[in-house]
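Engineer: Got chain P; can you put chain G on it based on the hints?
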Amino acid sequence: MAVTTAVAELADNIRTAEAVVAVGNRVQWEVGNPPRVDAIDVRAPSGVITYEPADLTVTIGAGTTEAELTEVLGKHEQECALDPRSDRATVGGMLATGLSGHRRLRHGPLRDRVLEVRFVTADGELVKGGGPTVKNVSGFDIPRLVVGSFGTLGVLTQVTLRCQPVDRVSEWSSTAEDPVAVLRRGYRPSCVLWDGRETRVLIEGVAADVEAERLAMGTMGGSVAPAFPDGPHRGRISVRPSTLRTLAPALDRAHVRWLAEVGVGTVHVAADTEADLVTARVVAEASGGWLLREAGAPGIDGFGVARPNAVLQERIRVAFDPTGKFSPGRAG
Amino acid sequence: MQRIDDFDALLRDLRSSLDPDRVRAEPLELALYSRDAGVARGRAAAVCFPRTGDEVAAVVRAAARHDRPFVARGSGTGLAGGATPVDDPVVIVTTQLNRILEVDADERIAWVEPGVLNLDLTRAVAHLGLHYAPDPSSQQACTIGGNVATNAGGPHCLASGVTATHVRAIDVVLGDGSVARLGGLEPDQAGYDLRGCFVGSEGTMGIATAIAVRLLPDPPAVRTMLLDFTSIEDAAATVSGVIAAGIVPAALEMMDAEITRAVEDYVGAGYPRDAAAVLLVELDGLPGGVDHDSDAVARVGRELGARTVRVAADDAERALLWKGRKSAFGAIARLAPNYYLHDAVVPRTKLVPVLQQVYAIAREQRLTMMNVFHAGDGNLHPLIVFDGREPGIWERVYRAGDQILAACVAAGGVLSGEHGIGLEKREAMPLVFSPADLDAQARLRDAFDPSGRANPQKVLPSGSRCGEMQRVPEGAWI
Chain P
1 MAVTTAVAEL
11 ADNIRTAEAV
21 VAVGNRVQWE
31 VGNPPRVDAI
41 DVRAPSGVIT
51 YEPADLTVTI
61 GAGTTEAELT
71 EVLGKHEQEC
81 ALDPRSDRAT
91 VGGMLATGLS
101 GHRRLRHGPL
111 RDRVLEVRFV
121 TADGELVKGG
131 GPTVKNVSGF
141 DIPRLVVGSF
151 GTLGVLTQVT
161 LRCQPVDRVS
171 EWSSTAEDPV
181 AVLRRGYRPS
191 CVLWDGRETR
201 VLIEGVAADV
211 EAERLAMGTM
221 GGSVAPAFPD
231 GPHRGRISVR
241 PSTLRTLAPA
251 LDRAHVRWLA
261 EVGVGTVHVA
271 ADTEADLVTA
281 RVVAEASGGW
291 LLREAGAPGI
301 DGFGVARPNA
311 VLQERIRVAF
321 DPTGKFSPGR
331 AG
Chain G
1 MQRIDDFDAL
11 LRDLRSSLDP
21 DRVRAEPLEL
31 ALYSRDAGVA
41 RGRAAAVCFP
51 RTGDEVAAVV
61 RAAARHDRPF
71 VARGSGTGLA
81 GGATPVDDPV
91 VIVTTQLNRI
101 LEVDADERIA
111 WVEPGVLNLD
121 LTRAVAHLGL
131 HYAPDPSSQQ
141 ACTIGGNVAT
151 NAGGPHCLAS
161 GVTATHVRAI
171 DVVLGDGSVA
181 RLGGLEPDQA
191 GYDLRGCFVG
201 SEGTMGIATA
211 IAVRLLPDPP
221 AVRTMLLDFT
231 SIEDAAATVS
241 GVIAAGIVPA
251 ALEMMDAEIT
261 RAVEDYVGAG
271 YPRDAAAVLL
281 VELDGLPGGV
291 DHDSDAVARV
301 GRELGARTVR
311 VAADDAERAL
321 LWKGRKSAFG
331 AIARLAPNYY
341 LHDAVVPRTK
351 LVPVLQQVYA
361 IAREQRLTMM
371 NVFHAGDGNL
381 HPLIVFDGRE
391 PGIWERVYRA
401 GDQILAACVA
411 AGGVLSGEHG
421 IGLEKREAMP
431 LVFSPADLDA
441 QARLRDAFDP
451 SGRANPQKVL
461 PSGSRCGEMQ
471 RVPEGAWI
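Line by line, the protein sequences give chains P and G. Residue numbers for the first sequence follow the working numbering, beginning at 1 and rising by one. Residue numbers for the second sequence follow the working numbering, beginning at 1 and rising by one.
Just chain P, with the same shape it has in the complex:
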């Protein structure tokens, strides 16, 4: 009941507002571009709406944090493998920015996780896209459209996610060997991270498999998750995974700290100066990729690239938000 009331209030606020920005815990606030300052803040409801462990699905308010979600699912040894950097991140914020977690290699991108979305449109209507079942082709795939839309299509209120059983054993191991060779020797590791010196591998499964897989990949057990690069100016590069070997020395020359998701093509980058992050962006573009600003570097554009198919993109944005009231400035 409380949730319904909150959504109705939200819809009223949105209907009459000129500029609106959905706010969670501001964990990913600097990802992309900052919204215009005159936008009014709205908050999505939080908390679990329905959780059916035997269906492996959970429906939550978009304001629910990773910490809350993990706690609820953990009681049934399940997870959504969203893997945000901070457990204060809200599900709505994660979906809006569309940042996939570090176990994407095995568990897939964030978009594959989302079954149904509900959001308030510019005219204050509550719209549902997708459906609550694990398989569904009823109508167009609005959930995928919403993920990574930076709040420009509507304000997310409710989300249904696919859950999975937590693997019994989850172990980090490491080696100084070439990461691509290590990756090829494994079947489906959850994550292979490389910083140019060390390759760290996350293997999940039953104990016997984790051990055998580690031996097959030739890594040393008893390692821990690496720290993600930190610094005042951060971003993530998206490139074809095969370009990592040429990208790596160029990033080293750019004086940035980096950690690459091998087999995926995401490279996490941190720099001490804005200029160094800009250099990393140039390096990414030279490899056919791009760099999304995640934090700091206020002087640069958050995306740095023209959106592919910009005309079509803009038609879609306008179709949902004719007056441009949602997250103005945030996505482009």
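Take the hints with a grain of salt, since some may be wrong.
Stated by the list, open to error - Covered by chain G, per the in silico footprint, the following chain P stretches (three or more residues, Cβ under 8 Å):
1) 83 to 94
2) 131 to 139
3) 204 to 215
The hints are simulated quantities; they were obtained by calculation from the structure and are not laboratory data. These numbers were taken from a predicted model, which means no experiment stands behind them. Each residue gets a CB set at the ideal place from its N, CA and C atoms; glycine is no exception.
Structural biologist: Just chain G now, with coordinates in the frame of chain P:
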């Protein structure tokens, strides 16, 4: 609508865009391409067989010049009428765009043209230890372009995901004949996920001319099991029990008594002819996990009444068990001249009560019904077998279909798991979507194709756009 003169001009234009032999408008061709594998029949103005993406674009531009709609079509195995021509369109058949353009074993990506058959891709990459995961039952005949249009599934999508999770990039021709690349081979792209919208859009957003799909490594261990039951409820409860135990098999298929007997008579796969239901379960991955999960499946099955648990001893036995499942639709063709195959999804915890309702509906309508379906993801496929010449039978078949759909929706389900909406279920969309939901979908479709020429009248019911609705303000003069 009188379009004779227009039609001649259209044909001339198409024949100057394409080798004239590959533009057909003879009665036989038009009849052949008047429907897909569903029941709805339409009429094409002309049928074109392009061989390159440029030719597809040329045909779409020619159609645009004459303000004709166009409908893309692969092998025509779709069951929802998605490829049925409506509004005298140009049908664009993609089966001659059938080249595998590139296989990158390192990045595990294949670029294919839309007319490549699903199974041909898996065969072409088998020597690399890779496979293409979506495996619809029609995989020997259906095209990957058609799979993209319907966001096709298949038994092995339970653990691996449906087509949308395997498509990385698509080159498309849009409604105005312009071309675009949606998605890409980098993990993320700036802007909206146009690739994600396009998959499953049933040809209403354009035509794919090249598709980059993800290939998966073959699993080191595979175990295929057949569990048989003396009641359909026990089998369904086992499905729910397996998922509830935190096991997501590679595939988890259910077949009821009627279809099990029909299949056994047809291919002799060794299925027990006296079973009320069988479950075909496949587990794959690393050997330890497969051992663990297959033990758990057997335990859950036995606790819930499985009579026998048979584990395929070798690849030959495994292939035989799958042959039974994949021959189901061949088997029923021997039983009666007509069948109607449904497709709906329910939460997996609701399988037992929904199946009971589905059988009750068939009994009430005095129809022979069989069930062979992707139980693991709750994707029901009630199959009604009948003789269409029997007076009044089609009404009962349609009525049963409506009732089945209503029962699935009432249980928290959705209209389609993998066949799509097409023409078949357009009018059922309001069962699960509000006017505002449908309006949002219509806006998305129109943004992709402002011309409305790409496969018109599919997916969305008429009246989906707010402007189309009969919303007359009080006091208005009309």
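Engineer: Compare the structure with each hint and give your call.
Structural biologist: Hints and how they fare:
no. : hint       : result
1   : 83 to 94   : violated (count 0)
2   : 131 to 139 : holds (count 9)
3   : 204 to 215 : holds (count 7)
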